[in-house]
Structures are given as C-alpha cells and as structure tokens.
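Asks: Given the sequences, and given the hints that come with them, work out the whole structure.
There are 2 protein chains.
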Amino acid sequence: MRIYDITLTISPELPVWPGDQLPELVRTSKIEEGDEANVSRMCISVHTGTHVDSPYHFHSEGLTVEDLNINHLIGRAYVLHLPDVDLITAEILDNAEIPTRSKRVLFKTKNSTFWSLGEKNFQTDYVAISDDGAEYLVNRGIKLVGVDYLSVAPYEQTVRTHEIFLKAGVIILEGVDLSEVSQGRYTLYCLPLKLAGLDGSPARVILVGV
Amino acid sequence: MRIYDITLTISPELPVWPGDQLPELVRTSKIEEGDEANVSRMCISVHTGTHVDSPYHFHSEGLTVEDLNINHLIGRAYVLHLPDVDLITAEILDNAEIPTRSKRVLFKTKNSTFWSLGEKNFQTDYVAISDDGAEYLVNRGIKLVGVDYLSVAPYEQTVRTHEIFLKAGVIILEGVDLSEVSQGRYTLYCLPLKLAGLDGSPARVILVGV
Chain A
14 MRIYDITLTI SPELPVWPGD QLPELVRTSK IEEGDEANVS RMCISVHTGT
64 HVDSPYHFHS EGLTVEDLNI NHLIGRAYVL HLPDVDLITA EILDNAEIPT
114 RSKRVLFKTK NSTFWSLGEK NFQTDYVAIS DDGAEYLVNR GIKLVGVDYL
164 SVAPYEQTVR THEIFLKAGV IILEGVDLSE VSQGRYTLYC LPLKLAGLDG
214 SPARVILVGV
Chain B
14 MRIYDITLTI SPELPVWPGD QLPELVRTSK IEEGDEANVS RMCISVHTGT
64 HVDSPYHFHS EGLTVEDLNI NHLIGRAYVL HLPDVDLITA EILDNAEIPT
114 RSKRVLFKTK NSTFWSLGEK NFQTDYVAIS DDGAEYLVNR GIKLVGVDYL
164 SVAPYEQTVR THEIFLKAGV IILEGVDLSE VSQGRYTLYC LPLKLAGLDG
214 SPARVILVGV
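Protein sequences appear in the order of chains A and B. Each step along the first sequence adds one to the number in this note's numbering, with nothing skipped, and position 171 is 184. Each step along the second sequence adds one to the number in this note's numbering, with nothing skipped, and position 156 is 169.
No wet-lab data here; the hints were simulated from the structure. Bear in mind that the values here come from a model prediction, so they are computed numbers and not experimental data.
Copies of the same chain look alike in the list, so a pair counts if it fits in one copy or across any two.
Here are the simulated lysine-lysine pairs, BS3-like style, with alpha carbons at most 27 Å apart:
{"hint": "1", "residue 1": "Lys180", "residue 2": "Lys43"}
{"hint": "2", "residue 1": "Lys123", "residue 2": "Lys133"}
{"hint": "3", "residue 1": "Lys116", "residue 2": "Lys180"}
{"hint": "4", "residue 1": "Lys156", "residue 2": "Lys180"}
{"hint": "5", "residue 1": "Lys43", "residue 2": "Lys156"}
Replies: Structure, rendered in structure tokens:
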C-alpha cells in the first residue's frame, strides 16, 4: 500500500493565523550540556499546522476534540482537485462529480503550492469554502471536510462557513498539504491528539492508496 | 473493521514523569466572553501521555521525530499479554512465542490497569523492559516497541533500555492503554505529530483488527 503523509511539519517558521502565537518548541534538557537525555516542550495553538476543528470551536454545546467519532476520522475519502478555483461554491461542487457515497472530501487547490514552495508568510487570499458551498456539503451528508490552507472559510468572513459545518457535526480538517496527491479515492487516517475539553487539535494525517 | 483507540486523553490530571510540568490546556478565546470562537493553546512535554521517543531523545546524532519512517510507524503489530510479569526480560521474551515475522510488538501488562482505573498518581513500580530484554528485541529486528506505561525502562534505571533501542533505530511508543485489547495480531497506526527537530511527540495510536 502507498502512504501519502499530508501533514505539515510544525516549526517556528510555519505560518500561523494572524494574532496566534508562533509555535514554541523548546529543548529543556540537553545531552550536550550534561543531561541524560534530550527532552522538549511544545507550546502551540491547537489550530497550528495540520489540525482539526471540533464543533466546540464555534458552539459552546458542541463536541470537544477528544470525543470526535473515530469512525468519522478514519475511512474512505475523496480528494477533489480544483486547480483554477478561487472560492469553493455550491455551483462548483455541484459540477464536480464527487462520488455519491463519499462522506469525506478533501480539496486540493492552488493553496497546496504554498506548502510545496515553503512559503513562510501567512496568505490572506487562500482558496476556501463559501457558505453555500458548506451548506451543499452538509446536505450531501459529508462527515469530514479537508482543506489545504489554514481555514475552511474565507479570510474576511470566517464565521459562517465554520458555523454551518460545525453545527451539523462535520469535522473540519485544515492545513493539509496535498501537493503530492492526485484526485481520486483513498483511505484517510486523520488522527488528532485527545486533548480534554478542547476546540481542536493538531493531527497527523495520512492518505492510503486504495 | 474494528478500531481500538489505545491513546490516553491528555488533561492536567494525567500522570506525568516526575519533574515534568503538568499539561497546560488553556482556552485563550471564549465564546461566553463575547469572542467569535473558542480557541485553545497547549503547553506540554513532548513525552506526555501516549507518545513516541525518537533516537534523538538519547543520541545527539539520532533521527528527530518528524523524520521517523512512516513505514515503521504503520503496519502489522503483535500485542503480547504478560499479566503476571514485573520486568520484561530476554528469558520471558524467549518463552513468549512472538510470531517470527512481527516487527512491531506492544506489551500489555498490569500497567494497563492504571489507565482503566483512572489512577492519577505517577507509579514508580510499573512493568518495563530490562536491558537484556531490549537487546533481545533489537536482535530480532523489531522496528517499534510499545509499552503501556510512561517509560520503556525501569524507573530506577532509565538509560540503558532507552539507549539500546534508540541506538538501534527502534521507535519507542510509550503510554498506550491496552486494557480493552486482547493478545493477538493487529494493524498499528502510530501517528505522532511532526515537530521539527524534537526528541519525541505525543501521538494518536490505534490498532485495527485483522
């Protein structure tokens, strides 16, 4: 089986949402200073890099990340390649021929080029999903939606798209690098940490060729 | 397929290695205070809860966690149940009939009871692997070894067992909860975060029934 690792490496150079603190990765014990072992500590926003949003991110009564259904995080997924799209709308999705039974959809857009080129500055003109696009996916019974930049929603209008997905219990996966992945069917393993009571978590995410 | 989630939930109540800081999970934006969304930040040792050690943990020239071979982290694994053992030695392993082709072995011991009972205090008398046990596993060509408490090595003698495994490039997986898993063959998905340059990472880890 061929494994595609679509996870970003977390480092202080990784772009983060404007206003979020940069990732802090600090070695607190160092072999070269006489310690027995190298031991490190991480301080990051849970929305850093490749990560999931759980319903609690936008809804006080929503599920927190440790309780997300593992059967929604793992399973058949479809990668849809939209190379020339600036905003993923209902109309675009309706013309896209997503397989009817796909309950997990990941969008490969020009965003993935930011990762393959190693772009270090946060981009505000990333491709995202419109509110009618989100409604379209909810109505299709999607359980998990994945995007290749740091938000599922446009930069100037972050609330509605998130709300539509999260109110419907759809798991949002943000910040995957799909630059090496072609359109098609895969098995997705999207594995966030189990962080008690939180609104999201960084995740390691792979696609396995089927 | 049946999925067994063998990952610990990270919370401030989770036992940590003596001297390590407790996990800090802090909500920095709160809907109930008028913010648009709940947003949290985590500050934890990378050796918190269910986590992997990479060779760099004990060797300055060793691989760091983002570079671990994904093909070693994923694949066929064997769970060996040793209910009455206090120390996993070469002799015990030699009598245990681990399938010859198993390159990933997880040990279910009485440690798993600490997790199923929700024990909040760090235990120093956990079951671990002796140095001759580690050598035995290295000589068998094991790629990944998993234990159900927070260290692969005995509390009073942490260095040798770690060194033997990590010098040989064996990935160490610590802090899995095997209380709901029976002895036998599975497919392991051990997915740590990709933390640039670090000695380990928390991981989400599942076993899939074969």
